[in-house]
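> Going down the list, the protein sequences come from chains Y and H. Quick note on numbering: my numbering labels position 61 of the first sequence as 61, and the sequence is numbered without any gaps. Converting from the second sequence to my numbering requires adding 1000 to each position, the first position being numbered 1.
Since the hints were made in silico from the structure, they are not lab data. Don't take each hint at face value.
What the hints assert, rightly or not - Capping the alpha-carbon separation at 16 Å, the derived lysine to aspartate or glutamate pairs in EDC-like fashion look like this:
no., chain 1, residue 1, chain 2, residue 2
1, H, Lys1169, Y, Glu144
2, H, Lys1169, Y, Glu140
3, Y, Lys278, H, Asp1132
4, H, Lys1120, H, Glu1144
5, H, Lys1166, Y, Glu144
6, Y, Lys44, Y, Glu175
7, H, Lys1166, Y, Glu244
8, Y, Lys246, H, Glu1144
9, H, Lys1149, Y, Glu244
10, Y, Lys56, Y, Glu218
11, H, Lys1149, Y, Glu252
12, H, Lys1148, Y, Glu218
Keep in mind that this is a model prediction, so the values were computed, not measured.
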Amino acid sequence: MQNNEKNNSRRNFLKKLPVLALGTAALASCNSQEIEEFLQQNFKTLSKEEKDEIVKNLEKKYYEKYGKKFKVSDKPATEGILFGYGLDLSRCIGCRRCVYACVKENNQSRDPQIHWIQVLQMEKEKGIDFAHSTVHYNPETVPEPGHFYLPVACQQCRNPQCITVCPTKATWQEEDGIVVVDYNWCIGCRYCMAACPYGARHFNWGEPNIPLEEINPETHYLGNRPRPKGVVEKCTFCVQRVREGKYPSCVEICPVGARKFDNLLDPESEIRYILENKRVLVLKEELNTQPKFYYFFGV
Amino acid sequence: MKLLFLSFSLSLIIFIGCESNSKEKLLKIDLITQIDSSSKNEMAITPPPFSDGIFPCSECHKDLKPNSTRRKLVDMHDDIDAMFNHDSENRWCLDCHDTQYRDSLHLASGKRLDFKESYKLCGQCHGDKYRDWKVGVHGKRTGEWNGKKLYLLCVNCHNPHSPRFKPLKPLPPPVREEDIKF
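Same shape as in the complex, but just chain Y (with noise of 0.2 Å):
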């Protein structure tokens, strides 16, 4: 019966906001399978067997689209782990492998062109000063004497703003803490894109378009799975990865070791010994948001 009530609640919220006709328009090209998934429950709500259903349709749906097998996982979070992510801003060069390296691995659409990952070079007279910094530098090799570089992704707050405007419960926060969207659910009114203070969410605005030998068939439904036009989108620390227990593909990459991923519950995890051991701070501190995403200096 509760189930009910939620998927009344998003359509009388649907009804009562025309003005958010953009992420509904789709529905008027839709064929049964997609408004059934439109009708589908939020993915948090859903039974074992339900959810079963769920991934196997869309592993058909894809293999259909894109001629390839997929894995759509369902993996939930395990008890005892709390992820949390460190940055040694003294290392980072600013080279950008991490960025492609996402956008393959978690399917982002590379026209419309979408990044999770956000490098800002900034002056080092100037300190960390977004006003005065800038993602498109592009010299011949970085780093760039007088410079440092501070990507940005998702921060995965303990306190996130996007979640609570959300008027569907589109998006949440994992036991892990990884916060997540649910594409099924998300109607793309773009509310959480604004409550973010990183920038951190992306926007479909365009069928996503990615070339089929590029796809990455290992996916999970809270993740890297394909996305449709209308819907939000953003960093999961690779949830996909990171709950088979390997690193993000971020960590994987980054050739100067700039990028730390373990368990903040472990007090003998790398993540721990960065908080206890280095210089340490987190983005807008003053708004509360409480990041699991810390930059330090290793020095």
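Fit chain H to the known structure of chain Y by using the hints.
Chain H only, in chain Y's frame:
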């Protein structure tokens, strides 16, 4: 580097984690649910990244008389000699490479060291980096965050003869927003 963050813009941040009470605030972790991590942290280290055909060194050196006189190398290793820039005023090849056992390195104490353990040699003079490397903070580990890890050696990133990290060509910048087509 140290001067780097003297000025912060007001719109921002800031947390400089020196005092432990604010650190706790930053952590805000429910420490009741700590886990046992003893099973984790199995580690392996990458093999030395030698160029093809150079190892074992004794292949050639067994027939050569060790020559510990500092000189310009011409018959071999002239490339290394030319790039050598690692406290080179005070040091030469045989401060690290062993004169008798040519397939080994040695510490200042004279203790011989396999190339697989070159990080111990580096650690002798760069103790802080070595400590951070051991806990995974300097350098890089791949593998599983919750299990088996593979460490890169210092020499995977730093050429021991010219250790400054080499600049890289950046991948392309993002397209400008006004150029995005739908």
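> Keeping to a limit of 16 Å between CA atoms, is the pair of Lys1120/H and Glu1144/H held or broken?
Distance of about 24 Å is beyond 16 Å: violated.
> CA of Lys278/Y to CA of Asp1132/H, is that 16 Å or under?
holds (10 Å)
> Does Glu140/Y lie within 16 Å of Lys1169/H when you go C-alpha to C-alpha?
Answer holds: Lys1169/H to Glu140/Y is near 6 Å, not above 16 Å.
> Mind checking the alpha carbons of Lys246/Y and Glu1144/H for me, to see if they're no more than 16 Å apart?
holds (5 Å)
> Hinted pair, alpha-carbon criterion (16 Å max): Lys1166/H, Glu244/Y. Please report holds or violated.
violated (33 Å)
> Please verify whether Lys56/Y and Glu218/Y have alpha carbons no more than 16 Å apart.
At roughly 14 Å apart (the allowed maximum being 16 Å), Glu218/Y and Lys56/Y satisfy the hint.
> Does the alpha-carbon distance linking Lys1169/H and Glu144/Y stay inside the 16 Å limit?
holds (11 Å)
> Would the pair Lys44/Y and Glu175/Y pass a check requiring their Cα atoms to be no farther apart than 16 Å?
Holds - the C-alpha atoms of Glu175/Y and Lys44/Y are around 12 Å apart, at most 16 Å.
> Please work out if Lys1148/H and Glu218/Y have their alpha carbons no farther apart than 16 Å.
The given pair, whose Cα atoms are some 21 Å apart, is violated under the 16 Å limit.
> Check the hint pairing Lys1166/H with Glu144/Y against an upper bound of 16 Å on the C-alpha distance.
Judged against 16 Å, a Cα distance of about 12 Å means the pair holds.
> Lys1149/H and Glu244/Y: Cα distance at most 16 Å?
holds (14 Å)
> Holds or violated: are the alpha carbons of Lys1149/H and Glu252/Y at most 16 Å from each other?
Holds, at about 12 Å.
The earlier numbered hints that this structure contradicts are 4, 7 and 12.
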